[in-house]
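Just so you know, the sequences run in chain order F and V.
Those letters in the first sequence? Residues 0 to 405, by numbering that gives the first Met the number 0.
Those letters in the second sequence? Residues 0 to 419, by numbering that gives the first Met the number 0.
Derived from the structure by calculation, the hints contain no laboratory data.
These figures come from a predicted structure and were not determined experimentally.
All C-beta atoms, glycine included, are put in the ideal place defined by N, C-alpha and C.
Heads up, some of the hints might be wrong.
Within a straight-line C-alpha distance of at most 25 Å, the following computed DSS-like cross-link-like pairs (lysine-lysine) qualify [as the list claims (entries may be wrong)]:
| no. | chain 1 | residue 1 | chain 2 | residue 2 |
| --- | --- | --- | --- | --- |
| 1 | F | 344 | F | 55 |
| 2 | V | 352 | F | 79 |
| 3 | F | 281 | F | 311 |
| 4 | F | 344 | V | 237 |
| 5 | F | 303 | V | 237 |
| 6 | F | 79 | F | 55 |
| 7 | F | 197 | F | 89 |
| 8 | F | 405 | F | 89 |
| 9 | V | 333 | F | 79 |
| 10 | V | 237 | F | 55 |
| 11 | F | 120 | F | 197 |
| 12 | F | 89 | F | 79 |
| 13 | V | 333 | F | 311 |
| 14 | F | 55 | V | 333 |
| 15 | F | 88 | F | 197 |
| 16 | V | 269 | F | 405 |
Listed next, the stretches of chain F that the computed footprint assigns to chain V, with coverage defined by at least 3 CB atoms under 8 Å from CB atoms of chain V [stated by the list, open to error]:
| no. | segment |
| --- | --- |
| 17 | 52-63 |
| 18 | 203-216 |
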Amino acid sequence: MRGLPLEGIRVVDFCWIGAGSFTTKIFADMGADVIKIESSTRLDSLRRAAPYKDGKPGINRSGYFADRNTSKRGVTVNMKHPRALDLIKKLIIRSDIIANNFTPGVMERFGIGYAEVRAIKPDIIYLSMSMQGSEGPERDYRGTGGSIGALTGLQYLSGLPGRVPAGTGTNYPDHIPNPCHAAFALLAALRYRRRTGKGQYIDFAQTEPMVALIGPTILDFTVNGRSQERNGNQHPYAAPHGVYPCTGLDCWIALAVINDLQWNALVEVIGAPKWTAEVRWKNTATRHRDSVELDYLLGHETAKWNARTLMKALQARGVSAGMVQNAEDLIMHDPQLAHRGHWIKLTHPEMGETIYNAPPYRCSRTPAELRSSAPLLGEHTREICIDLLGLSEAEVDELIDQEVLK
Amino acid sequence: MADSSFVVNGPTVRPAALAGIRVLDISGPIGNYCGKLFADMGADVILIEPPTGTQLRFEPPFLDDTVGLERSLSYAYHNTSKRGITLDLGVGAGQDIFRRLVTTADIVLETEKPEVMQHRELDYEALARLNPRIVLTSITPFGQTGPYAEFEAEDLIGLALGGLLYMGGYLDSAPTRVHGNQAYLGASMFGAVATMLAALEAECSGVGQHIDVSMQECVSIALENAAQTYDLEGTVRKRPNPEQRYAGYGVFECKDGYIYLGARGIGRSKAWDRSLSWYADEGMVGVERLYGPEWSQITYLKSEEARHVFGELFMPWAKARTKAYLYHEGQRRKIPLAPVNCPADLLANPQLKFREHFVSVKHVLRDQPLLMPGAPYKLSETPWHIQRPAPKLGEHNIEVYREIGVGLAELSALISDGVV
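When you get a sec, could you build the whole thing from the sequences and use the hints?
Below you can see the structure in the form of structure tokens.
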């Protein structure tokens, strides 16, 4: 007994690609037995997404896939084979949660829509996390995290005014908003089931958590009539607030000077250049009013500094400052992430020792554990069929032979 | 406790998944959304503010752009469904009252600098002595210990040190941040997941624990494949060209705004064939230049030439069409294309309308209710539900203090001492 919070909970995981797989990973790292259903007839496209170990493509070599699928077991089932359904149903009745992030209708075509599943497992918790939800005129529309960022305003609102919307440069909704909201909803449903014995259906539209995360911006429109625009790194009332150049190629420091106290400290740290003596730089309101000019002047000062040195000097004086870190900085040079043991190395049969994110929280008594690297395609097919579903070796061989377990 | 009359057109009251969980929320902007997630699912979340008001009350946007204790829309949004009391945790008398509250609670959410709770003698060990099943969640910029633990960090700094800031923006200028305090919100979201895990466990074991959440670590989860790209291939992923990350993938101008073309819409995909038919059907001049086999090679798509050719053909074609047309026609043809919506577009979005996503919540200073984002998930048995508007400053003082046996006389004394 490890005593992890989700020990004893089993998840039938039809999720693939980004947001879904990360949701169930949260469960797996907290002790749930997450069984990832895959098929070589239709690969999780993340298995074919860079980066690969040594840059060499292979279905068991993607670092992106690996990071999203730790602590899970993997089974290959060709859901289009007529004999797959019985097998999956056997698995479902031994499980607590079934999760998918297909477009609506796919699970129904497999014969495991909510109605069918509830009929064989009445207390199942059934999570469907499609892009736009199970109902509605655009329920069949397709896309990825980037599309969700575009649809929900995040793309439009991020970047410089007058230029193409920059967004985050990533599929942001896949990485935090949707996995966290889906995991929270599942945990709430799990609590309800523990108390009442009742399962339920969770209709999760991946656009909606992202909209929920820009609530104040929506209210500014519905209440004040203001449809917000991109504003770079500007703060609504404080300045300087932005990203400033430092020595080195593409090296920057982020500064968020919220009050006059921090401004005075910053001026001292940068050696009180003459221009700072001007009276309009001495209070927040006029600094904010003239922030374009301020950014220009300040940028000439920061450009003389190494980003890390300046960050430390400013933080020592209580100024909110942080170097703009890239992946190398985070992994190789960040003492705080090192202190927290954020980067974890796991050994994978094909990739060897590679790097993974730890869950970003430390639980004092039941720490999350990355128990294993991501499963190889079909790695646990035999083990699950025999130990969990009670099939014999011969039966498994036959199912493999018939291309059911494929 | 729940009163649906506060919410206009709210769903009828159904069982709440988190009924019976009490959360003491003493958090600031980095943690208020965490408390909201619990409150909107039915927990009894008590927002405990200093007598001068919690920090979010002073953050824009404001109702009619006018600053005021009850006018922040950020506050109104992030504190729905909570009850609110005032209490000065900086003084001994306030700390004593807080200890009494802790004996009735399951979860404490706090966002103070490390060691503040210890100075108040309200750290995990102290709280666990009062109530062994308590879960204390500390959401801070960098976590409870370590070389950066005392650093100051606004949202922008969390994005910078967490690595997401570097990935956004334009090649020719400084990185630009994601909109809307997403570093704070990331910390709140992961904080909510970890807290819920611990609370569920505590309901079984009878023992709580301390959850230590770092905003920096939370942001680092959003780096997509950047960490692994460095680890496995030795390259540092940079901010992409937002216009065309590679040929056919990125944001393009259209007649009335912008559209987003997904990576799966080009190259070795069925959507690419469908796109070519579409362009041909609608008379794109020179479409045959896209027919060659090189358009299925990722190395070619990444080349300047491919970007240039695609742009030359697609951009004028897209410029003659609206984002709504391109979205619906593209999706009809099963091409992953999305409009780049602005806030005004969201309110008119037929899908969100169909799902009744936006909800109306009453506000004390306004006749019209506030229209705000609603359920982030639809649970069939225990629906998301706003129990009440965000509390006015001290709105539930009498009610909550009575529940822990603080009578009116004691409360008056606390008020005159400035503790409440």
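Going through the hints against the structure:
Of the pairs offered as hints, the one joining residue 344 of chain F and residue 55 of chain F holds, with about 20 Å between alpha carbons and a cut-off of 25 Å not exceeded. In summary, the hint linking residue 352 of chain V to residue 79 of chain F is not supported, as the alpha carbons are separated by about 35 Å, beyond the 25 Å threshold. Using a Cα cut-off of 25 Å, the hinted pair residue 281 of chain F and residue 311 of chain F holds, with the two alpha carbons roughly 23 Å apart. The straight-line distance between the Cα atoms of residue 344 of chain F and residue 237 of chain V is roughly 24 Å, inside the 25 Å bound, and the hint therefore holds.
Between the alpha carbons of residue 303 of chain F and residue 237 of chain V the distance comes to roughly 23 Å, so the proposed pair stays at or under 25 Å and holds. Taking the CA atoms of residue 79 of chain F and residue 55 of chain F, the gap is near 31 Å; set against the 25 Å cutoff, the hint is violated. A hinted pair counts as satisfied when its Cα atoms are at most 25 Å apart, and residue 197 of chain F with residue 89 of chain F qualifies at roughly 20 Å. For the given pair, residue 405 of chain F sits about 17 Å from residue 89 of chain F by alpha-carbon distance, which is consistent with the 25 Å threshold.
Between residue 333 of chain V and residue 79 of chain F the CA atoms are separated by roughly 21 Å; this keeps the pair inside 25 Å, and the hint holds. Taken as a hint, the residue 237 of chain V and residue 55 of chain F pair is honoured in the structure, with Cα atoms around 21 Å apart against an allowance of 25 Å. For the suggested pair residue 120 of chain F and residue 197 of chain F, the alpha carbons sit about 11 Å apart, so the restraint of at most 25 Å is met. Taking the CA atoms of residue 89 of chain F and residue 79 of chain F, the gap is about 17 Å. The hint holds against a cut of 25 Å.
Restraint check for residue 333 of chain V and residue 311 of chain F: the C-alpha separation of about 51 Å exceeds 25 Å, so the hint is violated. For the proposed pair residue 55 of chain F and residue 333 of chain V, the alpha carbon gap of about 31 Å is over 25 Å, so the pair is violated. Between the alpha carbons of residue 88 of chain F and residue 197 of chain F the distance comes to roughly 19 Å, so the proposed pair stays at or under 25 Å and holds. For the proposed pair residue 269 of chain V and residue 405 of chain F, the alpha carbon gap of about 23 Å is at most 25 Å, so the pair holds.
For the segment 52-63 of chain F, the proposed coverage by chain V is satisfied: 5 residues have a C-beta within less than 8 Å of a C-beta in that chain, meeting the threshold of three. Proximity of the segment 203-216 of chain F to chain V, defined as three or more residues with a beta carbon under 8 Å from a beta carbon of that chain, is established by the 12 residues found.
In summary, the structure is inconsistent with hints 2, 6, 13 and 14 from the numbered list given earlier, while agreeing with the others.
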